[in-house]
Every structure is written in structure tokens, then in C-alpha cells.
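Taken in sequence, the protein lines are chains A, B, C and D. Counting from 44, one number per residue, gives the positions in the first sequence under our numbering. Counting from 4, one number per residue, gives the positions in the second sequence under our numbering. Counting from 1195, one number per residue, gives the positions in the third sequence under our numbering. Counting from 12, one number per residue, gives the positions in the fourth sequence under our numbering.
Hints are computed from structural coordinates only; laboratory data are not their basis. Worth double-checking, as some hints may not be accurate.
Said to hold, decoys possible - Restraint ranges, calculated between C-beta atoms of paired labels, are given here:
(1) K179(D) with T192(B): 30 to 36 Å
(2) T1324(C) with K173(A): 47 to 53 Å
(3) K1237(C) with N181(D): 43 to 49 Å
Ideal placement from N, C-alpha and C gives every residue a C-beta, glycine not left out.
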Amino acid sequence: MENNGDVQMTAENDDQEEEEVTAQSVLLAIEEAWLNEKFAPEILPHRSDLVDCMLQQIMHMEENMKRLDKEDLRLMIHRMELDRIKYVITNYLRARLEKIEKYTIHILSQEATRSSEECYLTVAELQFAKEFLTNIEMLFKTIALQHMPGNFQTFEVDTLTVKPNLQTYVFLRANDRINGIIVPGSMDEEIDLEPGSQHIIQYSAVADLVKSGAVKLI
Amino acid sequence: MACCQSYIPDYFAITDILSTEERISCKIEVELPGLGFLDSSCQSENLKVGTKVEFPLWLAEPLKNLQNSVVSVDIPKIYKEGYREILEADAEVIVLSKWNPFYYELGMHVRKFSDRDYEIITESLLQTFKSRFQLVMDWSQNAMSDPTLSIQLPRLERDLFLIGQQAKIRLVEWLKMGTNELVVSEITTNLKKRKREQYEFD
Amino acid sequence: MDPCEIEFLSEKELVSIIPNFSFDMIHLISGSVGPFRAGLPVKVPIWLAVNLKQQQKCRIINQDWMDADSLNEAKEEEKLSKLFTKMPSNHYMEEAQLLLNVASDDISDADRIKTAIKDIWDIRMSKLRTSIDAFLKSEGLHAKLDHLTAMEINSVRPLLPHALDQMLRIQTGGRATQSHYSGTSQ
Amino acid sequence: MYGRKGFKLISELDLYSDILPFNEALIKEVLQEMQSLYDANVANSNAIRNDNNMALLPSVQLRHIALKRNKRCILAYIYNRMRKLKELRWELGSILPPEINTNLINAEVQWFQSYNKSLAKYMRSLGEDHGFNLTTNMVPPKTLYVEVKCVEDFGKLELDDGQVILLKKNTYHLLPRSVCEPLIRQGILEHKST
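Given these sequences and hints, build the entire structure.
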């Protein structure tokens, strides 16, 4: 009971010792996922494992806080921290929704090629994406498409696809040492990244490294 | 907004639709029956071979790209040698938006009309952008810059200027005030402003 | 990113406070803080320090590096160096801003510290502008940004990456992207 | 020239950042242009097929390009209005102010409601179906409570702890930040910085 042991003094010491111990590392991982999502042009593999775990922590904590006296110093401090964590989660999930809304067709068609273990969207995000597409199609049809002549009535999925620009420049910091990244656009220039070093480069050169956690976007 | 991606044309892009409305001088290479009226000076029913017309880019480019080109196009003079030389000499002093408000966008399209000039126009656009960037950056870093400055810049530079200026204003505010204040949405502010204006009219 | 978001990130950094109350260790999700003993220094995240200070529950001890003389030395070094020198903290500007705003009564020499940090910031910002222009003119495809701090990097965003993106569009004709939607082809 | 009216639709979006009244008249004109282009092409295509009159083909191709252009302008007009409407959902909440509502046509109102529904469903699903609200905590938190001035009569407001307060014009309150955030965005409260 590492994270909420203080309020636990009156509560039973229940479940999942292991999970509790890593609450801090889960939070750090969410913060990194948040910044990566914010700066990456494409949608990244979802981290609902982290989000669900942290939302559970929050609920747990809020439950325990109810037992505290209104004047208890801990109440203020826990609330402040929860607000900070909620802000990160809100911002992270919203960045994902924005990409889903902008690149709906592209994301859905990519997602269709992935197996359930390697999918990038959560079940709820996938549902949201599908509904978003249906709603746009409905909007286009009702206002315009049904009034257009002949084959111009079709909702041409390919033409309407908006794709993220993977060549966009991003800032990053290396977590690990990485050798031999080929600089896009160069003849065959290679660079090495020292741990902790900071760079600006095209996203496409480091997309895999962002996903594997070898670098983080800043 | 959580994401702030740079401009790249897509089907719904306003900038792309606006810039492809720019006119291009074309010569008709294949007779177009029943379309004589597209040339206002033309009396006949058909648009005859050899007629000079000004077509919007969205029309001129695909017509030229048809298997047997229906039109031949003339690269606008602002991308030709004489004008390129002016830019080489002193790109910063030119009011580029007067040459064309979509100077770069249009340039990126018309260079495709000529294999011979593709590289030269690309190089000219790139050098022009590079030599003017300092100016765009300096203007945007001066949060108090004259708002009319942006009118002097073609769209691509103007967008950079505005986004740079916006970031700069935020930074200056932060440096001054430190902690942030919760603020009213810009949309709400506009709505209220409009309401007031309405009252004043009444 | 908005500067207040960078400030948010900086609030995770630790700072020493001297509480005027006593309390056992508090187990937060982000790690434990305390125990607090009245009159004894203890390290806490800046967000907590600022809030305790606002409630008059503590004094803030300024960061080791917040010393006017050594900052003025650093300033001279920054002036002489062509490259960016290493800063004592990746969030020096935000930390200074936060702590000096809320605890100027706790920090001796606050005005001199403020001035020195502002000078260093200004020198570095003007260096940054020059190097951006040089980087762009060189048509560089990659740059190392060692010793640039979080707020400094953020200050060139989105202008620098967007400008590079547009240069790339000009160079490649957006072939790699989606120019075929430009309404003119097909 | 073909496509001028479609272009006008898009310039309107470019000139004004607000949501203007839906330009039904202009949309109708663009649709009419599409219809006449289409009719001309059907007639020409028949002539090509029946009389093998290949000379008509270039004109058919030209009109086809113009048809696609018009379609693009109309869809881009609808799409970009939808984007602005979407922003409003995040800024002002699920109920639009009447000034905006009167500028929308029925299909847009329908879209807005569907979007609200999808979003609500998504938010309810978060945290293993316990739900998580994404429309509060949108700015980095600073303090738990903020001092606010009420600038518009709002009425009763219930706080998380069950306490009910009355928000009357020109009254001052110390309220939890998360409660104030949306009301400040909507211009009902004003943040008094200390």
C-alpha cells in the first residue's frame, strides 16, 4: 500500500500489492504517453492499460478521501494531485479524439488491417470513430449529396481521406542510446542518439522509436 | 486545441481551394464544342483551337494533363526568369502578396507544367522562402507588430507569421503574469461583442 | 504548447521548504512526501510548495542555483560562448518565475536573481533566433539541441517545425504527402 | 466561368471565423450549376455513343472537372462549418447559444446532437465504464479554489458536496476550480486574479 497508505490507516488493507507499488511508474508512463500523443502527427497505440489503472487509482483515492476530516491537510494535497493527474488524462485522451476526428477514414482503414492484439484504438475509440464517420456521411448526404446529379451522390471514401503528415518535424529526447538513424531526405547520412540528447528531425525517422519508447517527443 | 499540425493540402483545405481558383493563361489545343461562352470575347458556339483563355488552375491543370492535352498553359510571368532575378537580388523588400497572394502555392502547381523549369522554379521558391524567413520570424516575434504586415505576405508566410505571433503573445503574457488565469472562451467574447454591436444598431 | 503547460511540467521539480507544521509522511500517487517537522527543511514538488506557501504553511528555500553571483557568472559565460551553455535546470525559467512570484519574501536577493535570469534568457533567445535562421538557410535536415531547456524549445514551436515542414513541401512538391487532392489532378 | 459560386462559398469561410447563417441560396445555385453541367454531359455522352461523335469528348471532360470542383466546394463548406461546431462543443458545452443555433440548418443541429451523444457515450465508457468527464480539467490546475465574479445572472448551482449557491450578477464567490472552468469559458463567471 504505497500510494494511499495514509488514508488507508482506517481502511482495510486490501488487494493487489504489486499494482499499487507501481502507481508512480504508471503515472510517469501516462505523462510520457500524453506528450508523445500531443506531438506525434499520427495516432499512437492506445495505452488504456495505463489509463484504466490510473482512473482506478483516482477512484480509490477519492473513496478514501471521504473518510478524512474536512480540515485535514491531506485532503487539500490529495485533491491538488488528483486535479493534476486528471488534467493529464483529459488532455491525453482529447488529443487522441482530435486525431480520430481529423483522420477518421484513414485511421479506420489502418485499424481494419490490424489484429485485435496490435490495434491502436480502444474499443470505445473505435466505436466513436465509426459513429463520427457515420454522422459526417449523414450530414453530407442530407444537405448536399442526395441533391447532386447521378454518380456524384456517392460519398467517395478515398477522395475524402485526410492523412497525417508523417514528414512533419518534431522535437525529441532520447531515452536510450540509438545508433544509425537515417536522416530522411539526405543521401545516406546517419546519426546516433546519446541517451538524454535532444534533437529536431522528421517524425518518420523516429516513429518506431517513439512507439517502442526508445525516444520521447518533447 | 491539443494538436497543432502545419498546413498540408487535403480535400477540405480552404487554402487549397482558394489558391486553385487563381487564373492561368491557356491556349485551346482541341476544339471544345458548345463551350464558346467560356471566352467572353468569343461569338461562336464552340471554343476554337488557338483561342487564348484565362482558366482557373483547378481547370487548367487537369485539362493539360489529359492524354491529349485540351489546353497548353503558359507559366505566369512571376515565375519566369525576369521576376526570379528580382527575387534573387533582394527578396525581402518585395511585397510578395502583390505578385500573388498565393505565391508559393501557385508556384508549386505551375512548376509541374514544365519538366524543363521544374527544378529552377523549385529552387527559386526555396531560396525566396529562405531569404525572407528572417523577416517573417522577426515580425512575428514582435508581438506589437502592425497587423497590416500580414497583408504584405503571401498566404504560406502569413500563416507562419500569425501562428508565430500568437505563440509569442502567449509567451510574453506568461513572462509577465506567470501563473495562468482561467479565461473566457474566444467564441463567447465574439458572441458578446456581436450582441453589443446589435444593441448599438437598434 | 501553451507556456502554462510547460510550467505545469516544471511543477514536478522538487524544492526545499521549511514547514511551520508537523505531519507524517503523505503517500501521493506520484510518490511520498514528508514527514513534515516544523522548522526542518523537506523536499516537495513545486506545485505543493507553492500551495503551502500561499496558505502560509511554509517558507520556501530557493534552489541551490538561484544565487545572484553565480547566475551573473553564468550570464557572462553565456555571452562569451557561441553555443548554448548548460543550464542548472531544464526548467530554470519556470522555476524562477514560480518561486520568485510566490516567495519573494523568503528569497534574499530576489530582484538581482530575477534580473540575472531574465538577462540569461534574453541572451539565449537572441542566440536561438540566429541559430534558427542559420539552420534554415543551411537546409539542415536534423539538428541537435543540446542544453536547450523546455521553455526555450517551446518558444520556437510551432514556428520552426512549421517552417521546416513548408520548406519540405516546396522541395518535394508534397509528393510524399497528398498533393493529389489539390483538386487539379485525376 | 464554372465554379465561381462554389468559390464564393469557400471565400465566405475564409473571411469570417464565426459561424454565419448557412448559405442555402448559394448552395442551391451551385447544385443547379452541377445539374446543368450533368445534363449537358448526359446529352453529349449519348451523342458520342449513338453517333460516335468523338469531338464532343473534350467538352464532356471539361464539364466533368467542373462537376468535381463544385462537389468539393460544397463538401468543404459543410465540413469546415462542422469543424467549427465541434470546437463549440468543447468550448461551450452541449447546449449552443441561440445566436449560433439560428445560423444552423436542421441537418447541422442533428449532427451536433449525434456528436454529443457519441461523445457522452465515449466518456461514460472510460475507466471501465465508471465514466470520466473530458470537458473539465482542460487547463493546467493551479489552485483548488478560485475567486470569481458573476457577470450574468445564472441561478442556482450545486457543488460536488451538495452545497447550493446562488449565482447573481455582480456577486463574488470562492468556488472549486473544476466547477468554475466551464462557466468561465461561457462568460458567466470572471476569474479575479489575486
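Okay, the hints, checked on the actual structure:
1. K179(D) with T192(B): 30 to 36 Å: With a Cβ separation near 22 Å, K179(D) and T192(B) fall outside 30 to 36 Å, so the hint is violated.
2. T1324(C) with K173(A): 47 to 53 Å: At 50 Å between Cβs, range holds.
3. K1237(C) with N181(D): 43 to 49 Å: holds (44 Å)
Checked against the numbered hints above, the structure breaks only hint 1 and satisfies the rest.
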